[in-house]
Each structure stands twice: as C-alpha cells, then as structure tokens.
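Trainee: So the sequences go chain by chain: A and B.
Numbering of the first sequence is given in my numbering, commencing with residue 1 and proceeding in unit increments.
Numbering of the second sequence is given in my numbering, commencing with residue 1 and proceeding in unit increments.
Bear in mind the hints are in silico, worked out from the structure with no lab data behind them.
Treat the hints loosely; a few may be bogus.
Claimed, not checked - DSBU-like, lysine-lysine: derived pairs with alpha carbons at most 30 Å apart:
| hint | chain 1 | residue 1 | chain 2 | residue 2 |
| --- | --- | --- | --- | --- |
| 1 | B | 143 | A | 145 |
| 2 | B | 143 | B | 41 |
| 3 | B | 334 | B | 190 |
| 4 | A | 41 | A | 218 |
| 5 | A | 143 | B | 143 |
| 6 | B | 108 | A | 143 |
As the list claims (entries may be wrong) - Simulated restraints on C-beta separations:
| hint | chain 1 | residue 1 | chain 2 | residue 2 | range |
| --- | --- | --- | --- | --- | --- |
| 7 | A | 203 | B | 291 | 32 to 40 Å |
| 8 | B | 295 | A | 206 | 36 to 44 Å |
| 9 | A | 189 | B | 214 | 56 to 64 Å |
| 10 | A | 189 | B | 204 | 47 to 55 Å |
Every residue, glycine too, gets a C-beta built ideally from N, C-alpha and C.
There are 2 protein chains.
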Amino acid sequence: MSDQMHRIVLASRPEGAVSAENFRYESAPIPTPGDGEVLVKVHYMSLDPYMRGRMDDAKSYSAPVPVGGAMEGGAVGEVIASNSPLFEPGDFAFGMFGWVTHGCQPAKMMQKLNPSHGPITTALGVLGMPGFTGWHGLNTYGKPKAGETLVVAAATGPVGSMVGQVARLAGLRTVGIAGGAEKCALAVDKFGFDACLDHRAYDNATELRAALGDACPKGIDIYFENVGGKVLEAVIPLMNTFGRIPICGMISWYDAGALGANAATQSLTAPMLWRNILVKFLSVNGFIISNHYDEYPTFLAEIGPKIASGDIAYLEDIAEGLERAPAAFMSMLKGGNMGKQIVKVA
Amino acid sequence: MSDQMHRIVLASRPEGAVSAENFRYESAPIPTPGDGEVLVKVHYMSLDPYMRGRMDDAKSYSAPVPVGGAMEGGAVGEVIASNSPLFEPGDFAFGMFGWVTHGCQPAKMMQKLNPSHGPITTALGVLGMPGFTGWHGLNTYGKPKAGETLVVAAATGPVGSMVGQVARLAGLRTVGIAGGAEKCALAVDKFGFDACLDHRAYDNATELRAALGDACPKGIDIYFENVGGKVLEAVIPLMNTFGRIPICGMISWYDAGALGANAATQSLTAPMLWRNILVKFLSVNGFIISNHYDEYPTFLAEIGPKIASGDIAYLEDIAEGLERAPAAFMSMLKGGNMGKQIVKVA
Numbered sequence: 001m002s003d004q005m006h007r008i009v010l011a012s013r014p015e016g017a018v019s020a021e022n023f024r025y026e027s028a029p030i031p032t033p034g035d036g037e038v039l040v041k042v043h044y045m046s047l048d049p050y051m052r053g054r055m056d057d058a059k060s061y062s063a064p065v066p067v068g069g070a071m072e073g074g075a076v077g078e079v080i081a082s083n084s085p086l087f088e089p090g091d092f093a094f095g096m097f098g099w100v101t102h103g104c105q106p107a108k109m110m111q112k113l114n115p116s117h118g119p120i121t122t123a124l125g126v127l128g129m130p131g132f133t134g135w136h137g138l139n140t141y142g143k144p145k146a147g148e149t150l151v152v153a154a155a156t157g158p159v160g161s162m163v164g165q166v167a168r169l170a171g172l173r174t175v176g177i178a179g180g181a182e183k184c185a186l187a188v189d190k191f192g193f194d195a196c197l198d199h200r201a202y203d204n205a206t207e208l209r210a211a212l213g214d215a216c217p218k219g220i221d222i223y224f225e226n227v228g229g230k231v232l233e234a235v236i237p238l239m240n241t242f243g244r245i246p247i248c249g250m251i252s253w254y255d256a257g258a259l260g261a262n263a264a265t266q267s268l269t270a271p272m273l274w275r276n277i278l279v280k281f282l283s284v285n286g287f288i289i290s291n292h293y294d295e296y297p298t299f300l301a302e303i304g305p306k307i308a309s310g311d312i313a314y315l316e317d318i319a320e321g322l323e324r325a326p327a328a329f330m331s332m333l334k335g336g337n338m339g340k341q342i343v344k345v346a
Numbered sequence: 001m002s003d004q005m006h007r008i009v010l011a012s013r014p015e016g017a018v019s020a021e022n023f024r025y026e027s028a029p030i031p032t033p034g035d036g037e038v039l040v041k042v043h044y045m046s047l048d049p050y051m052r053g054r055m056d057d058a059k060s061y062s063a064p065v066p067v068g069g070a071m072e073g074g075a076v077g078e079v080i081a082s083n084s085p086l087f088e089p090g091d092f093a094f095g096m097f098g099w100v101t102h103g104c105q106p107a108k109m110m111q112k113l114n115p116s117h118g119p120i121t122t123a124l125g126v127l128g129m130p131g132f133t134g135w136h137g138l139n140t141y142g143k144p145k146a147g148e149t150l151v152v153a154a155a156t157g158p159v160g161s162m163v164g165q166v167a168r169l170a171g172l173r174t175v176g177i178a179g180g181a182e183k184c185a186l187a188v189d190k191f192g193f194d195a196c197l198d199h200r201a202y203d204n205a206t207e208l209r210a211a212l213g214d215a216c217p218k219g220i221d222i223y224f225e226n227v228g229g230k231v232l233e234a235v236i237p238l239m240n241t242f243g244r245i246p247i248c249g250m251i252s253w254y255d256a257g258a259l260g261a262n263a264a265t266q267s268l269t270a271p272m273l274w275r276n277i278l279v280k281f282l283s284v285n286g287f288i289i290s291n292h293y294d295e296y297p298t299f300l301a302e303i304g305p306k307i308a309s310g311d312i313a314y315l316e317d318i319a320e321g322l323e324r325a326p327a328a329f330m331s332m333l334k335g336g337n338m339g340k341q342i343v344k345v346a
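For reference, chain A alone in the conformation it holds in the complex (with noise of 0.2 Å):
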C-alpha cells in the first residue's frame, strides 16, 4: 500500500457564502500509530452543517479549524493498524477523522461498530450524531405530549426526520418544512409527516406564517430550531404558550459569518423574539450533542431496534470520493442534498 494519504484543509475562511477557495486537496504521510492509537482507513465520511461554523474564528463552543488544518468531522472505516487492545486490525470503526483518507486517533476516543446495528454509514447519521442530536433533543427540550404540534425544518435531513419520527410515535402532529416538492413529497411518504411545507414556495416570511397557521390548526407547541431565518421569523408567532424551541443550529444564518449585527434579517428583531418567549412563556434551549453522550447507549437501544423493524426511515445521500467533498458540503449549506450526506472515501 501507497504511505500517502489524501486530506482536505481549510485554505482559507469564507466570507460570506463558502467556495471552492476555502479548500485544499493534498498529500501528506499516512500516520503511524503511537501508542494506544489506532489507525483507520477511512470507508464513509460525514457532512454536516456544523462543520461550516467551524470554517469561522468566531468563539463558539469549538474551536476553529486552523487555516491549513484539516476539515473536521466523523467518518467510518476499517482499522489496518492498531496500538491498542481495544481495537484489532479489521474492525469498523467512528472516530472524528477529519476530511481525510485515514485516520490516526486513540482508541479511547473511537467506537467500535456493531455490525448488527446495520450498514456502516447509519453510525454517520440516523444512528451517529444527527439522529442522536434530534432524539436527545426532542426529548430532553421538547417535552412531547401526545396530542400537540410539533413544527421541524430540513425536515428530510437526518435531523428533521428523526424529530419528525419520534415525535409522530409520541402521538403528535408533525408538520415539516423542506425545499422543493420532491422533498415535501419524501417527508410525508417516507418520514410520516402529516404536512410539509415547501418554504420555497413563500416569497417571505409572513406567507410561510400564513401556510404554516393552515397546517397547525391548533398552533405550534415545539419548534425544533435547525434553520433560524425566514422559518424562525414565521413560526415566532404561531407558537403556543408553555412552547418549548430547543435549538440544535440555525443553518440559514451561517453564511452570516459571525451571525454579527449585520445578519440578514427583516422584522425579525432582538425584542421581537424576547417579548415572544416572555409572553407565551416559552422555553427556549441551546444545546450541543457533544456534552450529552452519557445518554447514547439509551437512545441506541431504543432506536436501534426501530431502524431494525421499519418504524423509523432513513436515507442517505452518498457522493463519492473525498475530492468532492467540498461541493457536495456546498450543496448541502443550500439544500441540495436529498437525506443524511456522506462522502464515500474508499
């Protein structure tokens, strides 16, 4: 085998949208394991909206990646070389590689992979950090009652589907939100949701609120926040009192930059949204999966077996190659992609 392996650095910090720019393709030495590390040939590795956050210096509750660093992000693969009695050759294995065709990591901070969990990819979405990310949060912030309204965007995301999912097993009505027909049609054929609305379809705010009073009837009890933007500004007003919002990300704002005092937004105001939660008396609740793993072997057990039997769907958008990465990351930022993505490395 070749002792180079390829990875994608962050070249340099958007300003504004994300380009081509930003990245770079290059070599470098597979790495030798140290002692107690392993080392990973990278099989699958994941997209998600957070990595562009880190593509900023804003403080946030990551680090940066340094220009020059590589991508961050988790991926699966095969163990070739081990230094650790954890892990032999030819087992599976998540870690937080990177952008890269192999990585080098202590054991201590990898899984190993249940093969009766199903393929491999689900540790990178409805089984790994997105799917966790919505459970963890439907359930710790949302508080769901059979009986309420719950209103989720990127409702065919790995996130919104599994909000979607769980929240209709708890007996609520599920309204999603996604971008195209094609992606409506999926949310209620493939995820179960009563209703999807295509915020494309809605030059502004106040006509997404208008459908949205349409779909919710009885108003909406949980907002899972993922999008911010035009959806939030919408739904602000629509929420009933004692409603929880958790907030998992706001990916509409993202291109924002620092999300600073010039973010794009019309009439969605600072005390807009405050007197809002201080009127309805809402809950509103920042989180970030990272600090909540102490629950993953539940919600593996309970949502494991429902991945098994059928009664929570999964899809999954796979490019191939670890050189189009970036496009396909910059495609998903948009929208473009069409279930959980992953980048197929080897």
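Position chain B against the provided structure of chain A, taking the given hints into account.
Mentor: What follows is chain B alone, placed relative to chain A:
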C-alpha cells in the same frame, strides 16, 4: 359615607412613552356586592411595570385594559361589606381591584391577609407578586448553584432585590445593575449585592459590558431578565456555557409599544441572540407568576420568616393619593422609584 368612589381609567392608548393624557381620574358609584362578593376600601395599591403592557392592545398573556376601563392592578384594603362567609367587615384582603378607591370582587378571587406577615403593604411587594416573581423565576429557571454569578437589573426594585438576596443566600456572587449612584449604594448596603453598576454611567452596551466583565470575573451564569435593551446587549456575550436566563419582563422596551420591528436596538439582533443561546447552551424561559400560584404557600413559608428575621430586606416607595398614581407610574417606568412603588389610597 359617600356613595361615590374614585378610579383612574385608561383614557387613551400611549403612542411611545406614557403621558398624563393617557389617564383620566373619575368618579363612579360605589358598587354593591352581589352574592359571594366582597366590597373593599382600598388602602394601598401597587404600581408595577407589567401594567405598561396592558395599556397597549398588542396580543399578550392578558387582555389589554379597554379604553375607558379602570387601570388594572393589585391592591390591599379593608373589607367594608361582605356577601361571602369567607370574609367579614374589618378583614384585610388583597385583590386585583385596580386603580380604585373601592373594589368589589368575588371572595374566591381575593386573599385574606395574615397580620403576622407584617405591614399590609408587604402583600404588594416583597411578599406579593413581585417578590414571588423573583423567588420563583430564580429558583425554577435560574437554578442557582453556590459559587456561580448572577446578574439582575432594577436591583433595588421589588423583583431584583428579591432575586439578589435569594441568590446571595444560596451562595452566589450577585451583581446588580441600577440607575444612579444612590440606588447602587442601596443595592450593596441594604440588599447585599457584591457589586452594583450604574447603567447611566455607561454610554452604550459595549462600555457597560466592559464594566460587567470586571464585576463578573468568572462570567455570568444566571441573568435574571427584567429590562431587555442595553443591559441584555451587554450581558449576552458574557454568559457562561450552560447559563440560564429567566425572563419576567423587559421594561426598557415597553415604550416601544408592541415591541415590534421598530423597537430600538443597535447591535442586538435576533441572530446574535439566537446564536448565543445555541453556542453557550443557554436555557431561556419566559414566565408570568400568575401561572404559578400553587407555589405561593411555599414561597410565603420560606420567605415570610426571613422578612421577620431581617435576612431579607425590603424597601417601599409610597406615593400619597390615588390621583398621583399616573405620575408615580410614569416616574417608575423611568426608574424614579426607590424600592417597591406603592400608592397610599386611603
């Protein structure tokens, strides 16, 4: 006794700041209590910031005061006629009688006052709605932990002073914000805040933030929100991860009317707020105390003895005469009161 009472009604809705023309002092016949009702001669009435919201016709948690209707509010007084076995003449009672010299209500909507709890005015402040608001909001949503840092504005008001004192007794560092040097000294000397900043001494949120940063060397874990505006803008970037923000009001924004698109704020945008909630895993909860009166006995049992023992201090600012209520109210909205604002009606 005369068969005439007096009351202050909403003459017109404010456009921007409240003015004297928005009120009218008028006479009316003293009502005769119907079956189950009680007639009370009001001794003291309460003035509270929430009343500003009732003057607008924006959708809120309560219906607005109708134009021509008596201003709403809590008051205490002596029962002078009763058609209920629950009260007899000579009893003292609290009720939502409004800005009136005489109130008539169903007995079950009133509370008999316990003379052992101190002066009847305390039922309007430290042992009434404002004190209960501070206690409930801090404990339920603020979840104070010893060693943490709390910030609250209007620190010498009946909500802020309760919040600060309960937090101090729980072992937190407490930093108040108030208007003017005199209030800041009072916050420290009477209410035991570790520090208090005069928001008038800082031209903008950036300067206030720098001073707050010095006063909160370990960051802010709980921001008890009752003002919004410049203070919120200063505080948000100083919040620690896993911070909590109970919201009981936002007085600085009330005169912006419905707090809509034109509410004045420069760099505090909706995306900036939302992003901070996400990346710091904040928990933000709006509440109104009227939803939580099942906890009122617990509050009285805990705080009542601390008032008696002096462990919790309180301060009242008493204006004389119902006819002075509008001026006292307008002054309070600008921070002119020193402690809980009360009007002595009789």
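Trainee: Evaluate each hint against the coordinates.
Mentor: Each hint tested on the structure:
For the hint pairing residue 143 of chain B with residue 145 of chain A, the CA-to-CA distance comes to about 24 Å; that is within 30 Å, so the pair holds. Of the supplied pair hints, the one linking residue 143 of chain B and residue 41 of chain B is violated, its CA atoms being roughly 40 Å apart against a limit of 30 Å. For a cut-off of 30 Å, the pair hint linking residue 334 of chain B to residue 190 of chain B stands: about 22 Å separates their Cα positions. Between residue 41 of chain A and residue 218 of chain A the alpha-carbon distance is near 51 Å, which puts this suggested pair outside the 30 Å criterion.
About 19 Å separates the Cα atoms of residue 143 of chain A and residue 143 of chain B, which keeps this hinted pair within 30 Å; it holds. For a cut-off of 30 Å, the pair hint linking residue 108 of chain B to residue 143 of chain A is broken: about 34 Å separates their Cα positions. A beta carbon spacing of about 38 Å between residue 203 of chain A and residue 291 of chain B agrees with the range 32 to 40 Å that was offered as a hint. Checking the proposed 36 to 44 Å range against residue 295 of chain B and residue 206 of chain A shows it holds: the Cβ atoms sit about 39 Å from each other.
Under the hint 56 to 64 Å, the C-beta atoms of residue 189 of chain A and residue 214 of chain B, about 58 Å apart, fit the expected range. Range check, residue 189 of chain A to residue 204 of chain B: Cβ separation about 53 Å, and the 47 to 55 Å hint holds.
When each numbered hint is compared with the structure, violations occur for hints 2, 4 and 6.
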